[in-house]
Structures are given as C-alpha cells and as structure tokens.
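Chemist: Start from chain A and add chain B according to the hints.
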Amino acid sequence: DTEVTQTPKHLVMGMTNKKSLKCEQHMGHRAMYWYKQKAKKPPELMFVYSYEKLSINESVPSRFSPECPNSSLLNLHLHALQPEDSALYLCASSQEGPNIQYFGAGTRLSVL
Amino acid sequence: AQTVTQSQPEMSVQEAETVTLSCTYDTSESDYYLFWYKQPPSRQMILVIRQEAYKQQNATENRFSVNFQKAAKSFSLKISDSQLGDAAMYFCAYRIPYSGGGADGLTFGKGTHLIIQP
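Chains A and B supply the protein sequences, listed in that same order.
Going left to right, the first sequence walks through residues 1 to 112 as our numbering numbers them.
Going left to right, the second sequence walks through residues 1 to 118 as our numbering numbers them.
The set of hints was computed from the structure by calculation and includes no laboratory data.
Note that the structure is predicted; figures quoted are calculated from it, not measured.
Treat the hints with care, since some could be wrong.
To be verified - Some chain B residues near chain A, calculated using beta-carbon distances under 8 Å: (1) 47; (2) 49; (3) 54; (4) 70; (5) 71; (6) 103; (7) 106; (8) 111.
Using N, Cα and C, we set each Cβ at its ideal position, and we do this for glycine too.
Chain A extracted, bound-state conformation:
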C-alpha cells in the first residue's frame, strides 16, 4: 500500500476563515512534506517534518501553520489567507532508504 490520503479534495474559504488540511499515511514513513503548486508550475516545498519534528520551513508566511500530531498524520492550518494563496496543496511522505516520495492527490484551495 503506497497511499497518502488528503482531505478535503476541494476547499473554498474566505480571507477571514480558519480551516485545516489533513494528510494521512500508514506506510510507516517518518518524513512528511507539504508542497504548494500553482497552475502550470512545479510543486514548491513548504515544510518538512522528520520523525515528527519540523526540519524545514521554506520561509512560509505565518498564516500557514503545520502540525504533525503523530507519525501518520500531518495537518496544515490556514488562517487569514490571501487570494494569491489559492493553489493545489500536495502532501507527500517518504522513508529512509528507498528515498521515494509518495504523493497524495492534493487539496484544491480557493481563497475568495
């Protein structure tokens, strides 16, 4: 099983809302990632968690707040977003050794 599950698939929110994106994997992977992908562009790394500790934050604005409650779950809390934050948000996970990142299907976010 190489499945990474992201919910919700679509999300529409206003600039004053608070929402959360969820990502789950049961492959025993110890690294989890958030990427942001704008239309017709490659994914851009936002955050990396390794062994449930934040190891990389690519200078992401504080209106994005990641959380890794346990080794299987990764959340991205959203608050006071801007319309330019509208994008596809991809979650991925990987393990040491094979070094393959497995991606979820993404959450399509629209900020109005």
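Modeler: Chain B in isolation, oriented as in the chain A frame:
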C-alpha cells in the same frame, strides 16, 4: 543550491512512437537521487522511475527508461510505444538521501507537457 532544468515545455508524439524528455541538473553533491514523476489532469503526482546517482546502470521500468550521464549531469526519460494514457505533465526531480533523521524535499524542474496524438 541544486537546480533542475527541463528545456522542453511541450512535446508531442504519435501513439506507439518513442519520445525522449530532457533534464539537466546542477549539484555539488556526490550522492543523490533523480526521479521522473508524471502528473495527469487528475493532478495525482505519480512516480515513473528513480535513479540512484551511485549506480551507473540506467534504470528501466517497462516502457520507461532513463539515460543517466552523471558527468554531464543529464537525466533524460525515454518512453517507448507511447500510449494515450501517457499524456501528462512530466517533472524531473532531484533530492539528496533521507538518512540519519534529516529529510530534504524534492527540487523539481518546470515540467514538460507530453501530448500523445492518436
């Protein structure tokens, strides 16, 4: 910092023909991994093939194979017997190994949009 360059924004190929997608990269690391991912309109990022830099043998996966030239920092993808289902955006990607608790993300090229003509 590492960079990945895909110089072909779009490629078109007839069904059943062979097509090669180009990728070059720049890094000062000696140990790293290279990947080709495809992203169809359904937006799921799917691994196509993986190459370990310390292995000289080119990776193959069924109709997909790579030409890895480490000295030239080149990593091209060949798709044989192209099928309609191969139509997608193809991204070349690089990463250093995840080991010892330290993880790094993927660095992607800008992508090549592959069109399969019936």
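Chemist: Against this structure, judge whether each hint is valid.
Modeler: Each hint tested on the structure:
1. 47: holds (6 Å)
2. 49: violated (11 Å)
3. 54: violated (12 Å)
4. 70: This hint is violated: residue 70/B lies away from chain A, its Cβ roughly 17 Å from the closest one there, beyond 8 Å.
5. 71: Hint on residue 71/B: violated, closest Cβ of chain A at ~22 Å, above 8 Å.
6. 103: holds (4 Å)
7. 106: holds (6 Å)
8. 111: It holds, given that the least Cβ distance between residue 111/B and chain A is near 6 Å, below 8 Å.
Hint compliance for this structure: hints 2, 3, 4, 5 are broken, all remaining hints hold.
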